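Asker: The lines below spell out each chain.
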Amino acid sequence: MKKTLLIAAAALAASVITSQAQVYSQNIVGYVNTPTPTSGAQYLIAVPFKVGVSNGANEVFGSTLPDFSTLLTWSTVANNYTLYYSDSTSPTLWDDSNFAPIGAPKLPVGQGFFLSPNGVNITNTFVGAVAINVGTSNVMSLPTTGAQYLVSPVVPYGGSITNGTGTGGGVNLNGLPDFSTVLVWSAVANNYTLYYSDSTSPTLWDDSNFAPIAAPSLQVGQAFFISPNGSTTWTEGL
Amino acid sequence: MKKIAITVFSVLAVTGAAFAQGTVNFSSFVPTYITAQTNSTVFSPLMPANGGQATGVGGVAATSTAALGYYYELLFTASGAVKPTTLSSLGTWTDSTFFANDSTASAGRLIAGNGTAGTAVTGMAVGTAYSVMLAGWSVNLGANYAAALATLNSQSALGSVVGPGFFGLSNVGQVTPTGTGSPGVGLFGNTGTLINSANTQLDLVTPVPEPATMVLAGLGGLSLLALRRKK
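Going down the list, the protein sequences come from chains A and B. In terms of the numbering used here, the first sequence opens at residue 1 and continues consecutively. In terms of the numbering used here, the second sequence opens at residue 1001 and continues consecutively.
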């Protein structure tokens, strides 16, 4: 999948911000291209920016999705999905699983969802503002041991999930309790790869057979499941 | 100690994985790929007495939006199977117990009745290929698949069905569950050989009295009446 990002814009904005004594807004805006090329395949993605007023699906996608593409949002509490169909004939542009009109789903930054396009060679271009300001951090709570959280970085970082610290530089999933699980989805294989966090592993991560493995790596706009083996928080900075 | 415990867990997990049930995505019925119609112009080819014959009446229309008017069951069997042409061959397919209803908002469309995205199918193993299809029927044949199949196999039960009864099968697809997680392997779409059966036909399975038969029956009744009056 994907991506183009801020890069120059972010670097420029950051340098301007640090040199100008907190007078101006420290928002960073940018875009990312997230291709979902295969009709019917399931892509586990997230919107990495604040878009519009509420990050509603119509603000995020506009009218670019082919009719009857499906979107699955996850509920950690209910441990299941809610299905939405895109439908240009619906007054809300979205239907529920019964094909009755329903409000557009909200796709907040940091929350993943499955998108299955009903058409080929779809590229989703997400345009918006980075969810946190330069010099600040976001703390995501993952309170319930064993629960499955469908998440994504709130800062559009890519690369290893152990890059970075609480003040920036990368995804920073370094402090997970041992044997928390991370599930990374492959749209091609239609399957997950499982990783265990393990402080005794030379790489700090094990595969599903508890053999050491490189830390999982993400692309910008990619979501994943995390199941903490103990109440924890995830701090990301910019 | 923790690692030993985790290793034990891992052995159990691996043991379990050998028998892990594959999951399917039984929630998204994209109308491009799956819709249903009732067809009362022909008798179902599955019916031994008059299968495939024209009825001389009726028409073709998208299934109604009446709540619980039609059911659709996911069936599976070993990979490579073709669409059954007899009730006995249909009986060799395994009932997944996952069903859909007719949408109450849009004619001809389906809504999941029980299974959802990432639903494990008992009897489907991870990494094994299966043939899959949907069986659809009108609720007057039975409120579940077993009851509907029993009705089809009994002439007396069919004769007791109130109103026209419909039954049909979708196209046959091939899927291989790749894991035990959500959202599971898709049943519809254009990747691989999936069910993909827009306008699945639910054909008539109950007898339709022909006009000529009705006239004969009426004449018979009149004769009896005349005999009684003579006496």
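Some hints could be false.
[Claimed, not checked] Stretch-level coverage of chain B by chain A, calculated; a stretch enters the list once three of its residues show a Cβ under 8 angstroms from a Cβ in chain A: (1) 1100-1110; (2) 1115-1126; (3) 1175-1188.
[To be verified] Derived CB-CB ranges, DEER-like: (4) Thr1128(B) <-> Ser208(A): 15 to 21 angstroms; (5) Asn79(A) <-> Ser1154(B): 51 to 57 angstroms; (6) Gly103(A) <-> Val1060(B): 50 to 56 angstroms; (7) Gly1059(B) <-> Gly103(A): 24 to 30 angstroms; (8) Gly103(A) <-> Gly1052(B): 35 to 41 angstroms; (9) Ser1079(B) <-> Thr125(A): 37 to 43 angstroms.
I should point out that these hints are in silico values taken from the structure, not numbers from a laboratory. Values in this document were obtained by computation on a predicted structure and should not be read as measured data. Ideal Cβ placement from N, Cα and C applies to all residues, glycine included.
Asker: Does the Cβ-Cβ separation between Thr1128(B) and Ser208(A) fall within 15 to 21 angstroms?
Answerer: With a Cβ separation near 19 angstroms, Thr1128(B) and Ser208(A) satisfy 15 to 21 angstroms, so the hint holds.
Asker: Verify this for me: three or more residues of the stretch 1175-1188 of chain B with a beta carbon less than 8 angstroms from a beta carbon of chain A.
Answerer: Answer holds; 8 residues pass the 8 angstroms Cβ test.
Asker: Given the hint of 50 to 56 angstroms, is the C-beta distance from Gly103(A) to Val1060(B) inside that range or not?
Answerer: Violated, at about 35 angstroms.
Asker: Okay, the stretch 1100-1110 of chain B and chain A, do three or more residues pass the C-beta test at under 8 angstroms?
Answerer: The restraint on the stretch 1100-1110 of chain B holds, since 5 of its residues have a Cβ under 8 angstroms from chain A and three suffice.
Asker: Quick check: do three or more residues in the stretch 1115-1126 of chain B have a beta carbon closer than 8 angstroms to a beta carbon of chain A?
Answerer: holds (count 3)
Asker: Should the hint that Gly1059(B) and Gly103(A) are 24 to 30 angstroms apart at their CB atoms be regarded as holding?
Answerer: violated (37 angstroms)
Asker: Hint says 35 to 41 angstroms; check whether the CB-CB distance for Gly103(A) and Gly1052(B) agrees.
Answerer: At roughly 47 angstroms between Cβ atoms, Gly1052(B) and Gly103(A) fall outside 35 to 41 angstroms, so the hint is violated.
Asker: At the C-beta level, are Ser1079(B) and Thr125(A) separated by a distance inside 37 to 43 angstroms?
Answerer: Once the Cβ atoms are compared, 40 angstroms apart, the range 37 to 43 angstroms for Thr125(A) and Ser1079(B) holds.
Asker: Look at the Cβ atoms of Asn79(A) and Ser1154(B) and judge whether their distance stays inside 51 to 57 angstroms.
Answerer: violated (41 angstroms)
Hints 5, 6, 7, 8 from the earlier list are contradicted by this structure; the remaining hints agree with it.
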